[in-house]
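Asker: Protein sequences appear in the order of chains A and B.
Per the numbering used here, numbering of the first sequence is gapless, rising by one per residue and ending at 277.
Per the numbering used here, numbering of the second sequence is gapless, rising by one per residue and ending at 774.
Because the hints were derived from the structure by calculation, they are not lab data.
Wrong hints could be hidden among the right ones.
What the hints assert, rightly or not - Capping the alpha-carbon separation at 27 Å, the derived lysine-lysine pairs in BS3-like fashion look like this:
no. : chain 1 : residue 1 : chain 2 : residue 2
1   : A       : Lys175    : A       : Lys75
2   : A       : Lys175    : B       : Lys668
3   : B       : Lys668    : A       : Lys178
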Amino acid sequence: MAHGVGVGMERSANSWRLGCALAALLAPAICPAAGGGAAAQGTPELPAIAKECGEASLSETPLPNSATALQERKQIKILAIGASSTAVLGWSREGKPPLLEQVLERSIKGLDIEIINRGFSGELSQAAGTRIKIEVALNHPDIVLWQVGTNDAFAQVPVEEFEASVRETLQWLKAHKIDVILVGLHYMKQLAKNDHYQAIRASLQRISAQENVLRIRRYEAGEILGRTLREAGRPEPADFGLSEAGYNCMAQYVARAIAVGLYAKPVKASPPSPKP
Amino acid sequence: MPRHANAVDFWRGFALVSIFINHIPGIWYERLTHRNLSISDSAELFVFLAGWSLGLLVGSRKEPVTAGRLVVRLGGRALTIYAAQILICSIALAILAATAYVLDNPLLLEWNNAAAFFQDPALTQIGLVLLTHQLGYFDILPLYVVLMLAAPAIALIDKFARPLLVPLSLALYFASLTAPFTAPTWPVSGQWFFNPFTWQAIFVLGFALSRDDGLGAIVRRKMNLIRGIALPLVLIAAVLVWFNWFPDPIRLPEPKLLFLNGKSFLTPMRLLQFLALAAVFSAAYALFAPWVPWLTEFLSILGRNSLNVFCVGSVLSLVGQVIRLVYTGSFVIDTMVVIVGMGLLWLTAWVSEWKDRQTAGD
Numbered sequence: 002m003a004h005g006v007g008v009g010m011e012r013s014a015n016s017w018r019l020g021c022a023l024a025a026l027l028a029p030a031i032c033p034a035a036g037g038g039a040a041a042q043g044t045p046e047l048p049a050i051a052k053e054c055g056e057a058s059l060s061e062t063p064l065p066n067s068a069t070a071l072q073e074r075k076q077i078k079i080l081a082i083g084a085s086s087t088a089v090l091g092w093s094r095e096g097k098p099p100l101l102e103q104v105l106e107r108s109i110k111g112l113d114i115e116i117i118n119r120g121f122s123g124e125l126s127q128a129a130g131t132r133i134k135i136e137v138a139l140n141h142p143d144i145v146l147w148q149v150g151t152n153d154a155f156a157q158v159p160v161e162e163f164e165a166s167v168r169e170t171l172q173w174l175k176a177h178k179i180d181v182i183l184v185g186l187h188y189m190k191q192l193a194k195n196d197h198y199q200a201i202r203a204s205l206q207r208i209s210a211q212e213n214v215l216r217i218r219r220y221e222a223g224e225i226l227g228r229t230l231r232e233a234g235r236p237e238p239a240d241f242g243l244s245e246a247g248y249n250c251m252a253q254y255v256a257r258a259i260a261v262g263l264y265a266k267p268v269k270a271s272p273p274s275p276k277p
Numbered sequence: 413m414p415r416h417a418n419a420v421d422f423w424r425g426f427a428l429v430s431i432f433i434n435h436i437p438g439i440w441y442e443r444l445t446h447r448n449l450s451i452s453d454s455a456e457l458f459v460f461l462a463g464w465s466l467g468l469l470v471g472s473r474k475e476p477v478t479a480g481r482l483v484v485r486l487g488g489r490a491l492t493i494y495a496a497q498i499l500i501c502s503i504a505l506a507i508l509a510a511t512a513y514v515l516d517n518p519l520l521l522e523w524n525n526a527a528a529f530f531q532d533p534a535l536t537q538i539g540l541v542l543l544t545h546q547l548g549y550f551d552i553l554p555l556y557v558v559l560m561l562a563a564p565a566i567a568l569i570d571k572f573a574r575p576l577l578v579p580l581s582l583a584l585y586f587a588s589l590t591a592p593f594t595a596p597t598w599p600v601s602g603q604w605f606f607n608p609f610t611w612q613a614i615f616v617l618g619f620a621l622s623r624d625d626g627l628g629a630i631v632r633r634k635m636n637l638i639r640g641i642a643l644p645l646v647l648i649a650a651v652l653v654w655f656n657w658f659p660d661p662i663r664l665p666e667p668k669l670l671f672l673n674g675k676s677f678l679t680p681m682r683l684l685q686f687l688a689l690a691a692v693f694s695a696a697y698a699l700f701a702p703w704v705p706w707l708t709e710f711l712s713i714l715g716r717n718s719l720n721v722f723c724v725g726s727v728l729s730l731v732g733q734v735i736r737l738v739y740t741g742s743f744v745i746d747t748m749v750v751i752v753g754m755g756l757l758w759l760t761a762w763v764s765e766w767k768d769r770q771t772a773g774d
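All chains, full assembly: derive it from the sequences and hints.
Answerer: If you want it as structure tokens, here you go:
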């Protein structure tokens, strides 16, 4: 399956500002207003994204706790949890670390990435939330990379229940100064008119915006890809992912999101979210 | 002839039904299983009773068994369970592939940890055979295989150094919790969902408590006292679970696994609550069995044929997940899934006994 895709991420409208922020990493004098504390560390290169993965619009949702970890110990621990871990960590062959780890370590000199994979496919958000707390307590990660939503949508979990459990977990993580990256639902043309699937997707969008959490917009990426291919008269893939190339594109986007988040300027706090 | 209904078979059947329902995430009837009021769930019950059954098998005085024969017999049982695991995984992968194809929904190829198999079948097939790659909800039997592989060692320690069995098991349990260590997965890096180094403790306790002497005898003698202590624990646990009043894991002292509520590591909180639950409910069977003979017979026949029923139940749970996906789970659909599922579990048990009866008749 070919995956010439543009993966979007939250707050893509601000990508020009981000460009400035990234430029500042390389040459702070050009754009002095941008760049966080971690930028002072060095001049990291943004992780490259393979041509076949298409253009990505970028997020500047910061990962402040990880930026501090980067400054203090040059090490970042990522806890991957939720559905198929391969889909976000990238393919790993012959004992090599997952692609996400390789890409980040290549891009940020001296950075040691440790990925703790606790993916349990089929798990619903409520059960994952319980496990996240345990794994965080045991492993002390800086970032939780959480694939969430698809299983809840398939299992017909009521939207309010889903929203409450995800929000509760995010607030717990925030209270404990753990950064979070949500990897949203998969895109499938067949599910475009599935009311419950779309309701869970909208709910996740809402949560990530209100909680100011970085969300990898997998669905939107697939949608853009589908439209692009349709317009070019090429067959539309059924899903973004589900192939080694697709998984690796996703890992590259996650890597870029992390790199950008590490050096992004902190944003103003969002208005308090309603209690779950 | 199949044996008459008894408490062990009854509770084993109960565990099988609970596992069948709990393995269909989101199903309405999930809220009726005992995990909603209990820290431990049907997995603990299933493994404990597996150990209990092993104790009955090893402790049977009908025929004196030599150490060599014991090892061969238990090894053969481990092989049977292993073969069952390979078979049901194979069927599960076929169900996922067929459903993905028929529904034109490739997402299903990622369900239940199947993505690795469909994307890298060469390595993942090796992992499946080595039990280092486990499909989601198909992860209890690998634990059972490991426990049955350890069963000859358990039986031999029991035969030649009985007082050491439980202390050794608990030493391994606490070592795994404090170090901590567990079994890794491969080719996808991770951990077994059921840590065999900790879950062996409940299996060994089931084994030891089933015996008429040693720990089993002591517990039986003090059962009233134990139940008196256990009942408040069970009630307190029910309140904690209902209101989700568990301490924040981050604020717990080290080693945290000694204080957490974690299923993968069967933490002490779960183990103790399960033992309390078992002590309280071990009295229940005799009280209600005469009043609900149909239920007693139904669950007992499932429990008598637990491996076959477990295997069919695992596959049916996956089919239930697919049905809920296709027909967008509702109360009516969920009810049909449960009724048909129960019927098929009963049919599996009935056919298993019919086959045994035919064999005995020959």
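Asker: All hints, please: hold or fail.
Answerer: Tested hints:
no.: 1; hint: A:Lys175 - A:Lys75; result: holds, 21 Å
no.: 2; hint: A:Lys175 - B:Lys668; result: holds, 21 Å
no.: 3; hint: B:Lys668 - A:Lys178; result: holds, 19 Å
Checked against the numbered hints given earlier, the structure satisfies every one of them.
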